[in-house]
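K.L.:
Single-letter residue listing:
2 protein chains.
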Amino acid sequence: MADLIYRVNMTNLSFKIEEVPAQWLGLGGRALTSTIVAQEVDPECHPLGPNNKLVFAPGLLSGTSASNSGRNSCGAKSPLTGGIKESNVGGTSAGIMSKLGVKALIIEGMPKNENVFYQLHVTKNKVEFIEVPELVGLDNYAVLDAIAAKYDKKVAVMTIGRVGEMRMNLANISVKDPGGKLRSHGRGGLGAVMGSKKIKCITVDAENYKEVTIADPEKFKEASKVFTKALQENPISGEGLPAFGTNVLVNILNEAGGLPTRNFRAGNWEFAENICGETMAENIKARGGKTTHGCHAGCVIQCSQVYNDKDGNYLTSGFEYETIWALGANFGIKDLDLIAKMDGLMDDLGVDSIETSVTLGLAVDAGILAYGDGEKAYELLSKDLPNGTAMGRIIGSGTHILGKIYGLVRVPTVKGQGIPAYEPRAVKGQGITYATSTMGADHTSGYAVATNILNSGGHVDPLKKEGQVDLARNLQIATAAVDSTGMCIFVAFPALDDPKCLPALVDMINARFGCTLTIDDVVNLGKTILKTEHEFNIKAGLNSADDRLPEFMKYEVLPPHNVVWDFTGEEIDAFWNF
Amino acid sequence: MADLIYRVNMTNLSFKIEEVPAQWLGLGGRALTSTIVAQEVDPECHPLGPNNKLVFAPGLLSGTSASNSGRNSCGAKSPLTGGIKESNVGGTSAGIMSKLGVKALIIEGMPKNENVFYQLHVTKNKVEFIEVPELVGLDNYAVLDAIAAKYDKKVAVMTIGRVGEMRMNLANISVKDPGGKLRSHGRGGLGAVMGSKKIKCITVDAENYKEVTIADPEKFKEASKVFTKALQENPISGEGLPAFGTNVLVNILNEAGGLPTRNFRAGNWEFAENICGETMAENIKARGGKTTHGCHAGCVIQCSQVYNDKDGNYLTSGFEYETIWALGANFGIKDLDLIAKMDGLMDDLGVDSIETSVTLGLAVDAGILAYGDGEKAYELLSKDLPNGTAMGRIIGSGTHILGKIYGLVRVPTVKGQGIPAYEPRAVKGQGITYATSTMGADHTSGYAVATNILNSGGHVDPLKKEGQVDLARNLQIATAAVDSTGMCIFVAFPALDDPKCLPALVDMINARFGCTLTIDDVVNLGKTILKTEHEFNIKAGLNSADDRLPEFMKYEVLPPHNVVWDFTGEEIDAFWNF
Numbered sequence: 012m013a014d015l016i017y018r019v020n021m022t023n024l025s026f027k028i029e030e031v032p033a034q035w036l037g038l039g040g041r042a043l044t045s046t047i048v049a050q051e052v053d054p055e056c057h058p059l060g061p062n063n064k065l066v067f068a069p070g071l072l073s074g075t076s077a078s079n080s081g082r083n084s085c086g087a088k089s090p091l092t093g094g095i096k097e098s099n100v101g102g103t104s105a106g107i108m109s110k111l112g113v114k115a116l117i118i119e120g121m122p123k124n125e126n127v128f129y130q131l132h133v134t135k136n137k138v139e140f141i142e143v144p145e146l147v148g149l150d151n152y153a154v155l156d157a158i159a160a161k162y163d164k165k166v167a168v169m170t171i172g173r174v175g176e177m178r179m180n181l182a183n184i185s186v187k188d189p190g191g192k193l194r195s196h197g198r199g200g201l202g203a204v205m206g207s208k209k210i211k212c213i214t215v216d217a218e219n220y221k222e223v224t225i226a227d228p229e230k231f232k233e234a235s236k237v238f239t240k241a242l243q244e245n246p247i248s249g250e251g252l253p254a255f256g257t258n259v260l261v262n263i264l265n266e267a268g269g270l271p272t273r274n275f276r277a278g279n280w281e282f283a284e285n286i287c288g289e290t291m292a293e294n295i296k297a298r299g300g301k302t303t304h305g306c307h308a309g310c311v312i313q314c315s316q317v318y319n320d321k322d323g324n325y326l327t328s329g330f331e332y333e334t335i336w337a338l339g340a341n342f343g344i345k346d347l348d349l350i351a352k353m354d355g356l357m358d359d360l361g362v363d364s365i366e367t368s369v370t371l372g373l374a375v376d377a378g379i380l381a382y383g384d385g386e387k388a389y390e391l392l393s394k395d396l397p398n399g400t401a402m403g404r405i406i407g408s409g410t411h412i413l414g415k416i417y418g419l420v421r422v423p424t425v426k427g428q429g430i431p432a433y434e435p436r437a438v439k440g441q442g443i444t445y446a447t448s449t450m451g452a453d454h455t456s457g458y459a460v461a462t463n464i465l466n467s468g469g470h471v472d473p474l475k476k477e478g479q480v481d482l483a484r485n486l487q488i489a490t491a492a493v494d495s496t497g498m499c500i501f502v503a504f505p506a507l508d509d510p511k512c513l514p515a516l517v518d519m520i521n522a523r524f525g526c527t528l529t530i531d532d533v534v535n536l537g538k539t540i541l542k543t544e545h546e547f548n549i550k551a552g553l554n555s556a557d558d559r560l561p562e563f564m565k566y567e568v569l570p571p572h573n574v575v576w577d578f579t580g581e582e583i584d585a586f587w588n589f
Numbered sequence: 012m013a014d015l016i017y018r019v020n021m022t023n024l025s026f027k028i029e030e031v032p033a034q035w036l037g038l039g040g041r042a043l044t045s046t047i048v049a050q051e052v053d054p055e056c057h058p059l060g061p062n063n064k065l066v067f068a069p070g071l072l073s074g075t076s077a078s079n080s081g082r083n084s085c086g087a088k089s090p091l092t093g094g095i096k097e098s099n100v101g102g103t104s105a106g107i108m109s110k111l112g113v114k115a116l117i118i119e120g121m122p123k124n125e126n127v128f129y130q131l132h133v134t135k136n137k138v139e140f141i142e143v144p145e146l147v148g149l150d151n152y153a154v155l156d157a158i159a160a161k162y163d164k165k166v167a168v169m170t171i172g173r174v175g176e177m178r179m180n181l182a183n184i185s186v187k188d189p190g191g192k193l194r195s196h197g198r199g200g201l202g203a204v205m206g207s208k209k210i211k212c213i214t215v216d217a218e219n220y221k222e223v224t225i226a227d228p229e230k231f232k233e234a235s236k237v238f239t240k241a242l243q244e245n246p247i248s249g250e251g252l253p254a255f256g257t258n259v260l261v262n263i264l265n266e267a268g269g270l271p272t273r274n275f276r277a278g279n280w281e282f283a284e285n286i287c288g289e290t291m292a293e294n295i296k297a298r299g300g301k302t303t304h305g306c307h308a309g310c311v312i313q314c315s316q317v318y319n320d321k322d323g324n325y326l327t328s329g330f331e332y333e334t335i336w337a338l339g340a341n342f343g344i345k346d347l348d349l350i351a352k353m354d355g356l357m358d359d360l361g362v363d364s365i366e367t368s369v370t371l372g373l374a375v376d377a378g379i380l381a382y383g384d385g386e387k388a389y390e391l392l393s394k395d396l397p398n399g400t401a402m403g404r405i406i407g408s409g410t411h412i413l414g415k416i417y418g419l420v421r422v423p424t425v426k427g428q429g430i431p432a433y434e435p436r437a438v439k440g441q442g443i444t445y446a447t448s449t450m451g452a453d454h455t456s457g458y459a460v461a462t463n464i465l466n467s468g469g470h471v472d473p474l475k476k477e478g479q480v481d482l483a484r485n486l487q488i489a490t491a492a493v494d495s496t497g498m499c500i501f502v503a504f505p506a507l508d509d510p511k512c513l514p515a516l517v518d519m520i521n522a523r524f525g526c527t528l529t530i531d532d533v534v535n536l537g538k539t540i541l542k543t544e545h546e547f548n549i550k551a552g553l554n555s556a557d558d559r560l561p562e563f564m565k566y567e568v569l570p571p572h573n574v575v576w577d578f579t580g581e582e583i584d585a586f587w588n589f
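Chains S and B supply the protein sequences, listed in that same order. Here this note's numbering is used: the first residue of the first sequence is 12, the next is one more, and so on. Here this note's numbering is used: the first residue of the second sequence is 12, the next is one more, and so on.
There may be inaccurate statements among the hints.
Note that the list lumps identical chains together, so a pair holds whenever it fits in one copy or between two copies.
Said to hold, decoys possible - Think about it this way: if two alpha-carbon atoms lie no more than 27 Å apart in a straight line, the pair counts; the simulated DSS-like pairs of lysine-lysine are: (1) K550 <-> K476; (2) K230 <-> K321; (3) K565 <-> K209; (4) K209 <-> K137; (5) K164 <-> K301; (6) K565 <-> K123; (7) K240 <-> K321; (8) K511 <-> K240; (9) K164 <-> K209; (10) K137 <-> K123.
Just so you know, the hints here were simulated from the structure itself, not pulled from any lab data. The model shown is predicted, which means the values in this text are computed figures rather than measured ones.
Model the full structure from these sequences, guided by the hints.
P.N.:
Quick look at the structure:
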């Protein structure tokens with residue numbers, strides 16, 4: 012069965028099932044969403060207007076048995092950055108869509124009636140538009156429950172909460188994971204785009220699916236084995252991440268002086284111990300949670316976890332370093348349990364836990380919150396935000412807009428998106444990624460922390476300028492390609508250090524589709540994706556002045572290394588020389 | 012006495028008096044502020060950070076006896092548009108600064124101590140930095156009173172209210188006018204820049220000033236006579252404006268189908284009669300106000316007025332069409348007295364009456380206010396806004412940010428600045444000015460309404476595309492030059508129709524400085540100014556995608572003419588071919 016394009020028009024509630032155009036055949040995930048957005052969306056359109064499109068595309072290897080291949084990409088013009096956005100997610104949607112033969116789901120238009128929300132129900136060669144007044148105003152877990160009650164079988168669920176209905180920049184599209192918890196198409200306000208199209212949730216029925224077709228099953232199996240071994244033998248993906256999750260990074264970044272603290276006023280925090288991965292793992296063990304847990308079927312890294320409170324009650328899962336950092340060091344909460352409770356709340360609300368938490372950090376400068384006042388912050392998030400009070404709307408607009416509203420100068424954003432977890436002044440390669448990424452400040456788009464701090468793929472001194480632009484460029488190119496395979500970004504660690512890993516990945520793609528790609532082809536794919544995205548952004552109104560870190564990082568000295576951001580504009584712009 | 016540059020550094024509270032560099036000698040007003048900002052301000056700097064500069068420069072003819080020459084320019088990087096800004100104002104500051112020999116006042120840096128506000132007191136070769144805790148939290152008229160009590164003589168006063176102290180985008184810099192009322196450096200949030208530099212007010216002591224030097228007094232007198240006559244004999248500047256103020260335009264635009272109504276949903280309003288210039292003039296006559304009143308010494312047009320309530324108590328002055336339109340047709344208030352009361356309040360608060368009122372129009376779409384609910388809007392402006400409540404901050408951020416916060420699509424802004432009073436779909440030449448102006452949507456930067464609607468300088472059909480780009484270009488070039496002379500923009504009407512007007516203006520400049528400029532030189536000055544500003548904007552991060560009207564105007568048909576905005580990007584970009 013050939014894959015097909017499912018195209019939905021929300022203006023007249025119609026759909027078409029289309030053959031995949033030849034030029035899209037070899038694309039998946041980010042390569043496909045970014046290509047479709049670039050080809051079909053007017054870069055000058057309003058991101059929340061009828062001419063934006065929301066595109067979902069599973070990765071090339073999604074739906075297969077390849078380890079860690081269960082990522083689904085979502086793309087659109089972002090209301091947060093004003094540029095192109097791709098956000099990929101674990102959960103069950105990539106696998107189910109792939110097995111149903113959905114190469115991409117393209118959602119266009121906007122209903123004339125603003126008062127109705129729909130569930131899109133996707134089945135074989137069909138999309139139903141179901142009015143769901145009973146789901147309006149519900150948060151994510153309630154939607155999952157309602158859908159579970161409605162279908163007596165396994166369906167993929169992508170949903171938005173109230174914040175998405177209200178089209179706020181913080182809104183994610185949340186996806187049901189294999190454990191019945193939530194994963195997020197985070198960053199960039201894709202949930203607001205879904206809300207603007209009056210879609211409360213999308214369900215994909217898995218009943219009649221088949222396994223995806225593998226052109227050369229033997230070759231696939233062999234390559235898959237090599238690839239899995241590489242993942243398991245790498246010290247980061249095979250040991251560090253399973254043991255402590257991504258939160259292994261708190262102590263590492265703190266020691267490196269790259270843990271942004273008090274809204275990016277220092278690079279280390281005296282209370283790091285309270286919130287670090289080691290503390291988290293101890294709590295989980297003592298309280299009967301799970302230290303390892305996969306965000307999608309086939310994950311062999313299992314960096315997720317289930318974190319319970321002292322009484323053994325569920326607080327959150329997918330408890331990531333970046334969220335813990337933002338609520339901890341940057342906003343000042345010293346109590347990991349409260350951070351977990353807020354993380355769980357953000358899952359349920361369907362808001363980006365990085366953007367939300369970085370916004371809280373800035374809200375301290377605005378005088379809205381006291382540093383570390385987690386109780387008041389919890390109230391803001393649980394009451395004001397989902398009810399859309401004036402203050403809820405302010406927080407819901409994200410860091411950049413909060414800075415505008417309060418006339419603040421120390422606003423940690425690039426292209427309007429909050430800077431995550433790694434101080435660019437002290438981890439300069441990451442700073443180059445933040446400045447140049449087509450996605451706005453996005454750690455996942457070129458994780459130079461790997462080579463600056465973790466010595467993965469060699470070492471480039473994080474405090475020096477030398478080599479950072481090349482490092483960030485190479486990583487962003489590779490990441491764009493990996494984001495197209497359906498692979499989790501953490502395959503980068505073995506890919507950087509184990510010479511067998513990347514060839515095995517390419518072999519799996521070739522075996523799946525019966526093609527003969529080389530590693531160079533994959534690198535070129537990454538380059539093409541970045542250029543496509545960059546060109547879209549320029550047409551959308553961004554230019555090189557947007558490839559910059561916040562100005563205050565140029566003149567404000569960051570302890571403990573007492574460094575500033577010292578790249579010239581010209582040096583940064585050299586990123587695009589490829 | 013040669014003119015001098017007064018340069019103030021707020022970081023260390025110091026000042027320097029400098030010779031005027033040769034390249035600035037022939038510049039004044041907008042030409043000078045934009046040149047200084049372009050030369051000295053990093054386009055990538057944060058507008059509210061220490062590297063922005065606030066520049067005041069009187070026009071070339073300010074301080075002379077030339078009619079209508081009393082305009083003062085203020086320039087900076089704008090926190091509202093992110094680009095360069097020049098805003099000129101009547102009042103007493105241009106004359107007093109000129110007579111004191113201040114070619115430009117350049118304010119740099121930012122105090123380390125955020126808790127202190129200063130009065131800058133400018134006298135001959137001296138600037139004093141006076142801590143003014145007693146003025147903090149006061150609105151404009153209270154500041155004027157305090158300054159009047161402090162100095163037993165006439166001083167120029169430029170001040171900000173609470174909204175400026177809080178660095179909101181709506182904040183003006185307000186200037187005392189000859190009648191003791193206020194004129195505004197409006198649009199673009201220059202009051203926020205002044206607030207960011209912790210300057211509550213600037214006073215210029217006029218005690219020891221001399222008349223400005225005129226190189227050839229006889230020639231000046233003669234040219235001045237011709238110029239004044241041209242102003243007085245033009246039907247618009249000599250009759251329409253003195254009789255009804257700028258508010259003569261309500262009926263004219265309503266009949267032309269170009270009066271934006273209900274947040275730009277139609278081009279005419281059934282209640283135009285309630286708020287039109289004729290109604291206003293009747294009220295003024297019946298209540299003992301003033302139909303004519305000059306915003307600065309030497310004005311022969313006298314388009315300002317004093318508008319009283321039914322009991323003869325002062326409500327407002329400088330009661331402009333754009334404000335009346337925005338609160339009337341666009342937001343829905345049918346009671347001209349309430350509009351006047353709100354206009355007076357906005358003067359006192361020091362907020363831009365166009366941006367504020369266009370924001371209220373959008374607030375209806377956001378569900379914050381009901382259409383036409385002036386009482387609630389008054390409460391918002393009088394209580395929430397100056398007290399900086401969450402809702403006050405939202406309104407105080409202006410139209411563009413309000414649209415972001417509420418996820419709205421029908422947001423009438425260009426480059427983040429609210430579109431004034433003339434429907435671009437029905438007055439297409441004005442639409443081209445809005446799209447291309449370096450200032451964001453700004454009617455004064457190239458008033459194509461003149462030729463589209465008022466048949467001044469010929470006629471170009473407002474509903475057709477033909478000729479609009481050339482019209483807007485010529486007007487913007489001429490306006491940039493006029494904004495440099497210190498002349499009020501309304502000299503454009505005789506300049507467009509009376510062949511003696513423009514030569515007389517150039518003769519006055521030549522007589523003042525003993526130079527030999529031609530009309531071509533003046534046109535070239537206008538071109539240079541626009542190019543300087545455009546280049547700054549590009550370096551600041553704007554590009555041709557920012558030279559666009561809001562997308563909804565492309566697909567939403569505007570009654571009564573049932574027109575859309577139908578210019579392609581390419582057609583608009585041809586504006587810059589000069």
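K.L.:
Each hint needs a verdict: does it hold in this structure or not?
P.N.:
Consistency of the hints with the structure:
no. : hint          : result
1   : K550 <-> K476 : between (30 Å within a copy, 24 Å between copies)
2   : K230 <-> K321 : neither (48 Å within a copy, 91 Å between copies)
3   : K565 <-> K209 : between (42 Å within a copy, 22 Å between copies)
4   : K209 <-> K137 : within (19 Å within a copy, 62 Å between copies)
5   : K164 <-> K301 : within (26 Å within a copy, 78 Å between copies)
6   : K565 <-> K123 : between (47 Å within a copy, 17 Å between copies)
7   : K240 <-> K321 : neither (36 Å within a copy, 87 Å between copies)
8   : K511 <-> K240 : within (10 Å within a copy, 88 Å between copies)
9   : K164 <-> K209 : within (25 Å within a copy, 64 Å between copies)
10  : K137 <-> K123 : within (22 Å within a copy, 63 Å between copies)
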